[in-house]
Amino acid sequence: MDRAEHDRIPEIALDWHRAGKGAALATVIETWGSAPRPVGSQLAISGAGEMMGSVSGGCVEGAVVAEAQAALEDGKPRVLTYGVSDNDAFAVGLACGGTIRVLVEPVGRALPEAMLADIVTARAGRVGIAYAVDLESWDRSLSPRDGPHRDRFRADKSGIDESLFVAIHNPPLRMIIVGAVHIAQPLVGMARSCGYDPLLIDPREAFGSEARFAGEVISHDWPDEAMAALGLDARTAVVTLTHDPKLDDPAIQSALRSDCFYLGCLGSSRTHAKRLTRLEEAGFTDAEIARIHAPVGLDIGAKSPAEIAVSIMAEVTQVLRRG
Numbered sequence: 195m196d197r198a199e200h201d202r203i204p205e206i207a208l209d210w211h212r213a214g215k216g217a218a219l220a221t222v223i224e225t226w227g228s229a230p231r232p233v234g235s236q237l238a239i240s241g242a243g244e245m246m247g248s249v250s251g252g253c254v255e256g257a258v259v260a261e262a263q264a265a266l267e268d269g270k271p272r273v274l275t276y277g278v279s280d281n282d283a284f285a286v287g288l289a290c291g292g293t294i295r296v297l298v299e300p301v302g303r304a305l306p307e308a309m310l311a312d313i314v315t316a317r318a319g320r321v322g323i324a325y326a327v328d329l330e331s332w333d334r335s336l337s338p339r340d341g342p343h344r345d346r347f348r349a350d351k352s353g354i355d356e357s358l359f360v361a362i363h364n365p366p367l368r369m370i371i372v373g374a375v376h377i378a379q380p381l382v383g384m385a386r387s388c389g390y391d392p393l394l395i396d397p398r399e400a401f402g403s404e405a406r407f408a409g410e411v412i413s414h415d416w417p418d419e420a421m422a423a424l425g426l427d428a429r430t431a432v433v434t435l436t437h438d439p440k441l442d443d444p445a446i447q448s449a450l451r452s453d454c455f456y457l458g459c460l461g462s463s464r465t466h467a468k469r470l471t472r473l474e475e476a477g478f479t480d481a482e483i484a485r486i487h488a489p490v491g492l493d494i495g496a497k498s499p500a501e502i503a504v505s506i507m508a509e510v511t512q513v514l515r516r517g
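For the sequence shown, the numbering used here assigns the number 195 to the initial residue and increments by one for each residue that follows.
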């Protein structure tokens, strides 16, 4: 899935810089109280005064833009501290104010163009990358998902470690749902509400129809073919709902051979036992098979399709955040 325009802040800053307009990136690096925007939020500012993104929902953007213009003039990064009043906070939907620190970096003179280009390339390829800047020495570095900031990748949390600010660029979350059954109908909506891009796969066109899933992205390819075309990575969750081996098994086998962070499969304990036998016969190891969450979802006594979808979404969240 393509990133929404408001989530393309590094890309837009790089475009403006390369177009000769000049660009600065402002990033929330620390907050106290009810800050309007979380750590890692970004605002791009061009030399012409164009803006994209937000660091405070409108509370301090004007002041940040002025500082960004000054940074473009002198080429120096700077860390700004702002108090957000209760009145300003209330205007953007918060009960009370807080304090935010914002890092402003002019592209090309403080933040190297090549480094920003590497970040943009990683984001385009759905490759996790961490950007670290020492707020004292101004040394900068990039590192992969399995590098020194792996815990921040799992928590999806940018922040400060001593004098080092680490910005985590994780790919957007995706959920692949195999089986356009009744449980899938509430699940796709819940997944989207939780920040996932859902993809529904079902070769049975009568099930995966626009009438039953209005506005959803639906593939009628065979599950393993659709998943191979999409590519599964560490920001992808896979849920199989048909409990029909002809459809579920190819998807399960594809998921087990991938880096997807979650694989959950609908079916009773008896159904799952038969599934395990088939996987063992197909050559999968005990360690690989142990990645499967089945019966899918947390055991909360769910009965209705919506309740089962809640249990699935809760378990996916638990695995994403806690491992």
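Incorrect hints may appear among the rest.
No farther apart than 20 Å at their CA atoms in a straight line, the calculated lysine to aspartate or glutamate pairs in the EDC-like style are these [claimed, not checked]: (1) Lys468 x Glu419; (2) Lys468 x Asp480; (3) Lys497 x Glu509; (4) Lys215 x Asp328; (5) Lys270 x Glu307; (6) Lys215 x Glu267; (7) Lys351 x Asp427; (8) Lys440 x Asp391; (9) Lys270 x Asp340; (10) Lys440 x Glu410; (11) Lys468 x Glu482; (12) Lys440 x Glu399; (13) Lys440 x Asp427; (14) Lys351 x Asp340; (15) Lys215 x Glu261; (16) Lys351 x Asp328; (17) Lys468 x Asp427; (18) Lys440 x Asp415; (19) Lys215 x Glu205; (20) Lys270 x Asp201; (21) Lys440 x Asp493; (22) Lys351 x Glu224; (23) Lys351 x Asp201.
These aren't lab readings, by the way, just hints derived from the structure by calculation. On a predicted model such as this, the values are computed, not experimentally measured, just so you know.
Quick check: which numbered hints come out false for this structure?
Checked against the structure, the hints that fail are numbers 1, 4, 8, 9, 10, 13, 17, 20, 21, while the rest are satisfied.
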